[in-house]
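Asks: Line by line, the protein sequences are chains Y and P. FYI, the numbering for the first sequence is 1 to 177, going by the numbering used here. FYI, the numbering for the second sequence is 1 to 185, going by the numbering used here.
Bear in mind the hints are in silico, worked out from the structure with no lab data behind them. In this text, a Cβ means the ideal position worked out from N, Cα and C, and glycines have one as well. Each hint should be verified, as a subset may be incorrect.
[Said to hold, decoys possible] Which residues of chain P face chain Y? A few of them, derived with a C-beta cut under 8 Å, are:
1. T49
2. A70
3. L100
4. S113
[Said to hold, decoys possible] Pair ranges (Cβ atoms, derived):
5. L76/P x M1/Y: 24 to 30 Å
6. L76/P x G91/Y: 37 to 43 Å
7. P150/P x K53/Y: 40 to 46 Å
8. Y138/P x M1/Y: 27 to 33 Å
9. N145/P x R63/Y: 16 to 22 Å
10. W164/P x V69/Y: 24 to 30 Å
11. K142/P x G91/Y: 36 to 42 Å
12. L76/P x S107/Y: 42 to 48 Å
13. P100/Y x F172/P: 32 to 38 Å
14. P100/Y x S8/P: 45 to 51 Å
15. S8/P x F106/Y: 24 to 30 Å
16. F171/Y x A163/P: 37 to 43 Å
17. S107/Y x G72/P: 36 to 42 Å
18. V174/P x P111/Y: 42 to 48 Å
[As the list claims (entries may be wrong)] With a straight-line Cα cutoff of 27 Å, these simulated DSSO-like cross-link-like pairs (lysine-lysine) come out:
19. K64/Y x K79/P
20. K146/P x K69/P
21. K55/Y x K71/P
22. K54/Y x K5/P
23. K64/Y x K5/P
24. K55/Y x K69/P
25. K71/P x K64/Y
26. K64/Y x K53/Y
27. K69/P x K5/P
One letter stands for each residue in the lines below.
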Amino acid sequence: MFTWLSMATWSPYVVGAGIGVLVWVAFLLSDRPLGASTAYAKTAGMVELAVSKKKATAMPYYRKFTPTVDWQWMIVVGIIIGGFLSAWIGGTFSVFIVPPLFAGVFSADPPLRIAVALIGGILMGLGARWAGGCTSGHGISGTLQLSVASWIAVICFFAGGILVAGMIFGFPFLSGG
Amino acid sequence: MALEKIRSNSHVQIVLGLLIGIAFGFLLQKGEVTEYGVIIGQLLLSDFTVVKVMLSAILVGMIGVHVMKAKGLVRLHCKAGSIGATVVGGLIFGAGFAVLGYCPGTAAGAFGSGALDAAVGMAGIVIGAGLFARLFPYLERKILNKGVFPAETIPDMLGVRPAWVVVVVGIFIVGVLTVLAELGL
């Protein structure tokens with residue numbers, strides 16, 4: 001068991017099947033789809049609450065997604081812990097700011113990567129809430145329920161992602177190389 | 001019913017959320033989809049790990065959830081979508097996906113495994129979500145309800161039994177995964 005847990009990586013099919021089973025558990029025991037982006041909206045609501053309680057409670061969006069620590073918020077806390085445990089046990093834990101691919105193509109200087117990550121995050125948070133879910137909420141939990149909106153959402157995630165990644169990195173797949 | 005008791009107990013749910021999250025983060029990290037290079041590789045169509053993980057999850061999840069639904073154990077949670085919400089939001093998300101190189105779930109897993117740029121990305125996602133909440137009353141009036149999709153689920157839209165769609169989508173997923181493996185991608 002421990003040798004298996006301490007492997008650096010697992011087959012993507014095993015990982016995917018495991019996530020599928022986790023969705024069963026979420027539906028059965030929590031009556032919810034497995035998603036991550038709601039937690040970020042709740043966190044934004046907590047920040048608004050801390051700044052101005054009166055204003056935050058009057059905002060219609062935070063009446064739909066209440067700024068509270070609950071199941072959905074704990075999911076993201078859990079993902080951080082799970083990611084740490086997996087990397088630690090597997091011997092792949094390493095602290096860095098600039099990922100190797102970004103450092104190789106652009107710059108190993110942290111400020112550029114920090115600025116890009118912040119801008120990317122803002123776009124992603126805006127888009128995830130605009131579309132009503134992210135790669136897990138729509139991309140996995142929604143599509144497996146055969147939701148029309150989720151299949152269209154995931155096609156748009158990848159269409160937008162492939163287009164913009166191509167603009168940034170220069171469409172390597174078009175040069176045949 | 002015991003299930004109702006578990007579902008309505010908020011303390012139990014907080015612990016369950018944490019445990020499911022830990023398992024989710026563990027799997028994402030073991031599957032390497034918490035890595036910037038793997039996600040960008042998928043968007044550049046040179047590494048298909050993300051698609052393999054997602055399609056395997058959809059296949060297994062779809063069969064189990066529909067079997068449990070047929071037995072009356074679970075209910076579906078589909079959201080109605082529209083062109084103004086799903087397509088516009090989805091494309092903005094896609095742009096963020098390529099710029100950040102993580103998604104909301106994998107960013108958390110990446111942060112846990114030591115990627116500090118993912119923590120910056122998480123802060124950005126909170127800012128973006130907060131921005132959406134600020135804009136929500138305006139967007140709801142102007143854009144979000146434009147071009148609402150005709151049905152919530154594919155079986156409803158086609159007017160067929162869910163089981164048939166599960167079989168067809170299942171065959172489609174196995175086919176795509178087989179082609180990817182044959183091509184050595």
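Asks: Range hint 37 to 43 Å: satisfied by the CB atoms of L76/P and G91/Y?
Replies: holds (40 Å)
Asks: Per the hint of 27 to 33 Å, is the separation of the Cβ atoms of Y138/P and M1/Y within bounds?
Replies: violated (53 Å)
Asks: Closer than 8 Å between Cβ atoms is the bar; does A70/P clear it against chain Y? Give me holds or violated.
Replies: violated (13 Å)
Asks: Mind checking the hinted window 36 to 42 Å against the Cβ distance between K142/P and G91/Y?
Replies: Given a distance of about 51 Å, which is not inside 36 to 42 Å, the answer is violated.
Asks: Does the Cβ distance between F171/Y and A163/P fall inside 37 to 43 Å?
Replies: Once the Cβ atoms are compared, 41 Å apart, the range 37 to 43 Å for A163/P and F171/Y holds.
Asks: Kindly confirm whether 24 to 30 Å is satisfied by the beta carbon distance between L76/P and M1/Y.
Replies: Check failed, 35 Å falls outside 24 to 30 Å.
Asks: Just tell me: holds or violated, for the beta carbon distance of S8/P and F106/Y against 24 to 30 Å?
Replies: The hint (24 to 30 Å, Cβ to Cβ) is violated, given that S8/P and F106/Y are roughly 50 Å apart.
Asks: Are the Cα atoms of K64/Y and K79/P separated by 27 Å or less?
Replies: holds (14 Å)
Asks: Straight-line Cα separation of K71/P and K64/Y no greater than 27 Å?
Replies: Between K71/P and K64/Y the Cα gap is close to 30 Å, so the pair fails against 27 Å, i.e. violated.
Asks: Lying within 36 to 42 Å: is that true of the beta-carbon distance S107/Y to G72/P?
Replies: Taking Cβ atoms as reference, S107/Y and G72/P lie about 56 Å apart, which means the hint is violated.
Asks: CA of K54/Y to CA of K5/P, is that 27 Å or under?
Replies: violated (34 Å)
Asks: For the pair V174/P and P111/Y, does the Cβ-Cβ distance stay inside 42 to 48 Å?
Replies: The hint (42 to 48 Å, Cβ to Cβ) holds, given that V174/P and P111/Y are roughly 46 Å apart.
Violation of the numbered hints given earlier is confined to hints 2, 5, 8, 10, 11, 15, 17, 20, 21, 22, 24 and 25; the remaining hints are satisfied by the structure.
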